[in-house]
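Please construct the entire structure, taking both the sequences and the accompanying hints into account.
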Amino acid sequence: MEMKINELEKLENEGVEQLPSEERRKFLKFGMVVTGVFLGGTVLSLTSTRTAGAMSGPVPEAGKFPYSPHYTMVIRGNRCVGCELCKEACVTTNNVPSYGYRTTILEKKRKIANEAVETAFMPVLCNQCNRPPCVRVCPTTATYKDKTTGIVRMHYKRCIGCKTCMAACPYNARYFKEENRAVDKCNFCWDTRLSKGETTTACAEACPGDVRIFGDLTDPKSDAYKLLYARDKVAWVLRPETGAMPNIYYMND
Amino acid sequence: MINNKIITFATVLLAGSFFLTGNGHAEEAYDVQAYGPKTTIIFNTPVTASFDHKVHTADIGLDCSSCHDSEMVAEKRGFAMQRGVAEATGQFTMAAMAEGQFCGVCHDGDMAFGVDENCAACHQLPDDPIIWTAPVKAVIFSHDQHVNDIGLDCESCHSDVFAMKVGAAPATGNYTMRALNDGQYCGACHDGETAFASNTQCNTCHIGVKGYNRAMGTTPDTGGH
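One line per chain: the protein sequences are V and A, in this order. Residue numbering for the first sequence follows the numbering used here, starting at 3 and increasing by one per position. Residue numbering for the second sequence follows the numbering used here, starting at 15 and increasing by one per position.
Since the hints were derived computationally from the structure, they do not count as laboratory data. Some hints could be false.
Claimed, not checked - Below, simulated SDA-like cross-link-like pairs (lysine to any residue); rule was C-alpha separation at most 20 Å, straight line: (1) V:LYS113 with A:CYS219; (2) V:LYS110 with A:ALA229; (3) V:LYS110 with A:GLU207.
Stated by the list, open to error - Every beta carbon over 10 Å from chain A, so not counted as near; a handful from chain V, in silico: (4) GLY65; (5) GLU109; (6) ALA115; (7) LYS165.
Beta carbons are placed, not taken as given, at the ideal position from N, Cα and C, and that holds for glycine.
In structure tokens form, the structure reads like this:
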């Protein structure tokens, strides 16, 4: 069967909410899955089920990690009190200017039972995606996926400041640093700490609530591994629908 | 009918005039020489407290010399008529009063209510809310909620749990969640039985840097840091 992508793109996105599971199974049998349909229907990508298998859940199967060390951060969101000591530590460690951020804390309020309102804080940073959209769009390979650690890093000298990566990032994790005339982002403190033998990031170290647990998933003894693969624990990622396969996991406690 | 209207009008007029003149008489009746200054005295040292002469003289019937006696002043049991003398002793404290000095001469729980009760007769609740910025930014506390809504007394907390001095708890260096979970500070009640446990509902009290900036009316969130 010939796929007429141009014609398919003109169709209105019907979403998958109403799609019976029977239909999905048929589609999977067909050997392809649709990814990116949530992106307002403007991006339609078809990828083989074999590759998409990794996307069946946000957490990779234990032991199957594409990088070694495979760095990750597990964020226990319900413990965050928005004190922003992480942010301060990041600013100091990585020389972040006042107009940008490598990590920040989002705040969300929602109505809960008994007319009460609950505040939730959510730390965000670069998700060091396995399929980083920023890397895909960079015209000069200034941003790249480190082949060993999987950290999405920057060659500042190669950056021409086109900011396409900033537009492509699903997590708004990049900013243009005037001082460098280059885009800057979180690199898990690679240049400032990890490459110098430190074992954790500045933000994780500064957190008084043990919200941010940084670690290497290939090490089953690491706290990150133990949390992510603990019995009865549910972890989730932000914007899984983009297919970027992020490496920042969220859970409660 | 007309008569009725006239009578009603006259009654209202009469009542109004009584009200006005009655008030006028009361104004004239307050004798500063006999009863002391009419405006409430506000002490600001060591903490804010108020004192009303009228209640003590015109209402209760004390003489000026009951408190304004030079011998008593010398013994820190009375009050000089100048401003700030009691405060300047450095001993104008609740502890001194409990030992029978200053207000404690009468306010001993026998002659008048004791200094360990009825706090709000002289003290007001501090400006709400209290926002602590140490050891982390930022934790909010409402006196109004704890006193007026829940019905706690001042001494529920201001006995062994919290000193009344601003910043006293953070200054100990021990004002931490660990201490709370061990039953200190807020944890005295927030133990999961009396009130929600200190290690739950974090953001009921923790408002974060964003909440702090909103409360202070400073720096709207610009996305940067």
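Consistency of the hints with the structure:
1. V:LYS113 with A:CYS219: 16 Å, holds
2. V:LYS110 with A:ALA229: 16 Å, holds
3. V:LYS110 with A:GLU207: Outside the cut-off at roughly 28 Å; violated.
4. GLY65: 34 Å, holds
5. GLU109: 5 Å, violated
6. ALA115: 13 Å, holds
7. LYS165: 15 Å, holds
Checked against the numbered hints given earlier, this structure breaks hints 3, 5; the rest are met.
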